Amino acid sequence: MYNSKGQINAFSIRLIRWLCQEELVEEIEGNLIEYHQQVRDNPVRFSRLKYWFQVLNYLRPSTLKKFKNSTPRPMFIFNPLHTIRSLVKQGASTIINILGFSLGLVCVLFLYFHIQSELTNDNFHVDKEKIYRALRIANPETNPELIGVTSGPFAPALQNDYPNSIQSVTRAMPADALVTFEDKSFIEENILLADSNFFSFFSYPLLAGTPDQVLAGTNDAVLHKDVARKYFGDEDPIGKIIRVDNQIDYVVRGVMDDMPARSHLEFDMVLNINFLDLDRWWNNGLLTYAKINTPQEAAYVNGQLDQFMVKYFGEHFETNDFRMTLELEPLTGIYFHEGIAFDRVRHGSMNTVYILGAVGIAILLIACFNYVNLSIAQSFKRAREIAVRKVLGGDKNRLTLQLLGESLTVLLFASAIAVGLTLLLHPIFNNYFQLEVVLNWSDPTLLIFGASLLMLTLLVAGLYPALLISSFDPVKILKGGKSSSGKNVMVRKLLVVAQFLIAIFMIAATLLISRQMQYIQTKDLGFDRDAIVMLSINNGNIRNNLEAFKEAFADEPDILSITAAGGEPTGFHDITLIELPGEPGTKRINIGWGDEDYFETFGIDMVAGRSFAQNLESDEGQTAVINQEAMHMLGFTLDDVLESKAIISSWNLNVRIVGVSEDYNFSSLKNQMEPLIIINGLSPRRIAFKLNANNLVSAMGNINDKWDQFSPDYPMQYEFLDESIAQLYENEAKQSKVFSAFSAISIFLACMGVFGLATYTARQRQKELGIRKVLGATAQQVIGLLSKEFIMLIGLASLIAIPTAWYFIDQWLNDFAYQINILSNWPIFLASGLAVAGVAFLTIGFKTYRAAVSNPTESIRYE
Amino acid sequence: MKGTNLGEFEELVLLVVLILQDDAYVLRIKDEVYSQIKRNVAMGALHSTLSRLEKKGFLASEMLGATKERGGRRKRIYQLTGVGKQVLKDAKEQRQMLWNQVPDYAL
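Same order as they appear, the protein sequences are chains P and H.
For the record, in the first sequence the residue sitting at position 469 is 469 according to this note's numbering, with numbers rising by one throughout.
For the record, in the second sequence the residue sitting at position 107 is 107 according to this note's numbering, with numbers rising by one throughout.
Treat the hints with care, since some could be wrong.
With a straight-line Cα cutoff of 30 Å, these simulated DSS-like cross-link-like pairs (lysine-lysine) come out [what the hints assert, rightly or not]: (1) H/LYS56 - P/LYS65; (2) H/LYS38 - P/LYS50; (3) P/LYS66 - H/LYS55; (4) H/LYS55 - P/LYS65; (5) P/LYS130 - P/LYS65.
Calculated from the structure, these hints are not laboratory results.
Values in this document were obtained by computation on a predicted structure and should not be read as measured data.
The task is simple: from the sequences and hints, build the whole structure.
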């Protein structure tokens, strides 16, 4: 072959040198060079090709380099085979390991999905970084209180005053109403009244209609697809006309799809807001949103809002000695911002997210520790195998890889099972924890999370045993000596302590939380909560005929008492300002409305004076009952409080105090007792019935019949008081459930770890025990001997777990004004320690008993 | 070790090595095979046959004779061992014996 200089192709020579056996290279090269010379001297066709044919033809098994050490590759290639072989050989313990791990992973996966859906709230809005909500702050200097609602004029005024910063504004207001289409009518509770630009301002998905058109007209409506199906079946909803509250007709212009993630607004029907009176500054109830391009501009606007409020409310502030400011809150912060008054949006609890995250990590740790303990216990059976491998030249790194490969296989198996179990248990989980977790497997962050979780657990759970086992000294093992040093046992004991610690912590926390929940549910609130049902006064037919409606039940034996009220105990109480005639200064007070049967229906005791009198015209809007707290706040005593006068200017009321009630817990037990005034007046929102608890069903039937007579158009909406009270503690109840479920799992997993350690110990000391028995020890003594160290481990774990749990629960209880005393619940800590100890002993007992009663000849026969 | 039977190509190679005597190295063998019986064999193929024969003990080899046209590289000169010669003779005799029994009219 020729190149330009007639030289031999250098690459072909390099190829030969690289691939062929060194002792053959000289000869082959020589032949090729000579061949090359020949061809150069007697040119033939295709000489270049022919040369290469010779070169390549030299590359054959007889000439190619042999791989230096033929062991590594086959071992690597057969790795999976070895792995599966050894896993199958370990049988039961492999299954325990895989199942234990899957169980942990199921919890982690489920919690991941839940937390993920909580944290991605409102992230689907295109302009999520630019959207802000207006919050009012009452009494910013003295006693700041955030208020979620604003009135109609805020939005246009904001846009007018800051045209350069604020791109656009929109308003929305949650509502409920009766919606009718032909013969179908339902009370819709998730209606949103919204400005025409609502769908272009936010990015809620539409199946039909264009975002800037669907609400353009004053009578336009958008329905969620499920709601549309409810009314129109399979017909096309677009253009259909629905009637709202039997008054206004709306035309359906668009259909909404499911939201891609959680949102702080929850609605399935949107109506154009224009029929509301939106011009009054004091008519609050709207959510006001503004879109601002950059955070800098938002900060600028935020700084100007004090002046904005003075501009529009200055007069009012002066005359009423009252201050209020405005603040723009970023959209992404709304969902977790709890504790805002009159907040009509959906919230999640960041606290719960933290707790669930911590629980997930704890479970994962337990599962990892378990894996470590079980596989080290298992390593014993493999000590000889490892030793033989090493003697035959398997080197340490490769053994480590092999063992890591086994861990990875177990992990992958476990993950597959976990995914299956998660799918299977998903509805049960959701139901039990009352969550709406959606399994979103296509989420790319899940992949990253899953992969990093796998790598992390592989490192945490796989690396230590792999390193430990592969570093066994083959000589010692084959001689029959110990295969592991004291240091390793120490590490494993620490792992078990950590597991016990988590388990004890979980049990103590669970017990204390459920104790608190029980306390809340059974605490004497100062009023009756059983067998009270409340109907919403949702239409004029009832509102205008209240007396007649109440009268209709006069003869019912199962209905003990009826009251029309605005603000039932634990229900919504407005906050207003009260002052005494002739005295300067106003004070904050909670206000409610009740009629003459209010205190009787709710079983509230009077301390002094009387309740409202029936049919006493002079009473209505004129008389009030206050609680003891209010009496103290206003500076009265039981002797001088009755017949005193008080002024509530915002309601134009000048009332006479006719009675003082016990302090009853009219709001959640998370709050301290506050002053309260109940006015005998008619601003009722609900009718409460005290029923005969033995005949609830028939009483409810009666009420429903009468309701239909009075208000045939409107379905009856009712709620039992004890249930609505329970809703106050929904978050805590969820947390309590989560804790009890996961503490059970953590105990189970921890016991598996203990089982592993017990197996290890019993085996390790087999000979010693045999000799002890030969020398006369009884089975009990042997069991005692083996159990002693576990007592110490549990003791150590308790020592750390109890203060931690104490601290945690103390923080958790901070939310409650009324709480249990942790100190007086000390038996709970004792009990959790003992419970863990008990379960651990059962587990250990199973193993040690066998070791203790076994025939000593079995264990000391071989030496 | 494989049996002492010779394959057709192996027998051919042994004979060529015997003919070439001190000049029996791969390229020369290849050329000889081509010029005598018009068979084009790759050097690689020859190499593996030769080393197989060497493994069977029919051939011995030695690195000798660096020349200029080989870029100073030595060549591996093959030589028949006693066993090799014996096997070759046996093969020839077997054939001869068989040939002798073929009746004249059969061809």
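- Item | Numbered hints the structure breaks, given as an ascending list | When the structure is compared with the hints, only number 5 turns out to be violated.
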